[in-house]
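Chains as they are written, first to last, in my numbering: chain V, 1 to 77; chain A, 1 to 370.
Honestly, the hints are just simulated from the structure, not real lab data. Bear in mind the structure is a predicted one, so any value in this text is a computation, not a measurement. Where is the CB? At the ideal position from N, CA and C, for every residue including glycine. Hints should not be assumed to be uniformly reliable.
Chain A residues, not near chain V, derived (Cβ > 10 Å throughout) [as the list claims (entries may be wrong)]:
#1 86
#2 128
#3 238
#4 244
Calculated lysine-lysine pairs in the BS3-like style (CA-CA distance at most 27 Å, straight line) [as the list claims (entries may be wrong)]:
#5 A:102 <-> V:31
#6 V:16 <-> A:285
#7 A:243 <-> A:142
#8 A:39 <-> V:16
Now for the letters of each chain:
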Amino acid sequence: MTPEELEREVRKLSRKFFSIDRVIKRALSAKSFRSKIFSLLANFAIRKFTDFDFEGGRMGYENITHNALHKAEGEFV
Amino acid sequence: MKILLVQADRDAGKYGKILPKFFIPSLALPQLAACTPKKYEVKIVNEWYEKVDFDEDCDLVAISAFTKDAYRAYDIADEFRQRGIKVVLGGYHPTALPIEAKQHADAVVIGEAETSWPRLLDDLEKGKLKPFYRSRKVRPEKIPSAIKRCNGFIGAIQASRGCPYRCEFCQLTGFGDNIHRKRPVKEVVDEIEAMPNKVFWFHDASLTIDPRYSKKLFKEMIKRKLRKGWVAFGNMAILSRDKEFLRLASRAGCIAWMVGVESVSQRVIEKEIGKGGNKIDRVPKMLEIIEDEGMEVWASFIFGFDNDTPATFDATFQKLEEWGLKVAEFNILTPFPKTPIFEKLRRQNRIISFDWRKYDLNHAVFFQNT
């Protein structure tokens, strides 16, 4: 798989696993009330944070990072 | 001297004010505050909940950063340094790449800070600040109770540090943190008791590394009638077999176990991950005995190993349905700097991006060898 395909497949799996109907069905099938609530909250939390688009922040660090990485090599060998 | 401790976050402000209160908090800054000599005034700002005030009246700023947050940490550092305030960087990313971090800081703390941080403060006062501070692994009884807490609803604690399993994608392996160090049970339970949160997270690499220690901990928690719920990391080898362990954990307040199942392919687990204790055919048994004790499993999976193909995703979904797994998370294999997998992929020229913002488990930064 290419990196793009890998990302796409993971997102596809996430969308399928975290579809609202499946999340609710799974939560209802939990054995205890506490587990039902936990399942519901955890699934919605993961669903919310799975798909980052990393907007904002500062671009253009690529070169600095590369240089730093090369400099760092000596230290970790 | 006034010290400002900052937890940098790439996504600062993105999730509003309420939602971040449910995040699983990092313990780095509360523990750093705990090992700061009393004569200093300390303020913690976690970007999850609060904005950094660059006009803050302080003499020193110490910033902690995970890899995905590194550039944000550097931005904050640059801004404070422009205003003439000394800046120290620490945490996972500066520990992995201290020379990169040093370009944005007056000093970098490499590794655990418990012993080097007081030394750094002393040097700063004497005007003899060194560029790098490194220390030996702290003894378990010296791991501090996190006295200053962040403002979330969920608390965090650490009963032990280190992990002997050496998974090649794990940052603990990269930092050589493979000796399991356990805090005295009484201290841990005292800290839980004092914690204002009703729900908390054990930040240990795994609470199943030494089951005898964990059972002692659970028994003390039961004895003290804490009435607090918690979640912890655990390994399948213990969680799929030791019913006494699970019974005690449940009585001690355990809500769920976070388990790194990693893959539904036994071949990938054994050949590529080297986590032989994970037996895929034991997952149904593990789920059964954990759920019977009123707890849940939050399983995590990693994709991107060389033997993973598009068919792996269908196979994973089918297995999850078959097992009736309630909570799962899907991560992309991420070669965090200094981990064995990072070194291996870099040697093989397979890393396609060194944009640290993408090192968040949601982006592929290397290509598979298929």
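Quick rundown of the hints versus the structure:
Non-interface status of residue 86 of chain A relative to chain V is upheld: no Cβ of that chain comes within 10 Å, the nearest being about 21 Å off. Every Cβ of chain V is farther than 10 Å from the Cβ of residue 128 of chain A; the closest lies at roughly 22 Å, confirming the non-interface assignment. Remark: the non-interface label on residue 238 of chain A is consistent with the geometry, its nearest Cβ contact in chain V lying 20 Å away (cut-off 10 Å). The claim that residue 244 of chain A is not at the interface with chain V holds, since no C-beta of that chain comes within 10 Å of its own (minimum 20 Å).
A hinted pair counts as satisfied when its Cα atoms are at most 27 Å apart, and residue 102 of chain A with residue 31 of chain V does not qualify at roughly 52 Å. Distance hint between residue 16 of chain V and residue 285 of chain A is fulfilled; the C-alpha atoms sit about 25 Å from each other, no more than 27 Å. In summary, the hint linking residue 243 of chain A to residue 142 of chain A is not supported, as the alpha carbons are separated by about 32 Å, beyond the 27 Å threshold. Restraint check for residue 39 of chain A and residue 16 of chain V: the C-alpha separation of about 54 Å exceeds 27 Å, so the hint is violated.
Comparing the model with each earlier hint shows violations of hints 5, 7, 8; every other hint is respected.
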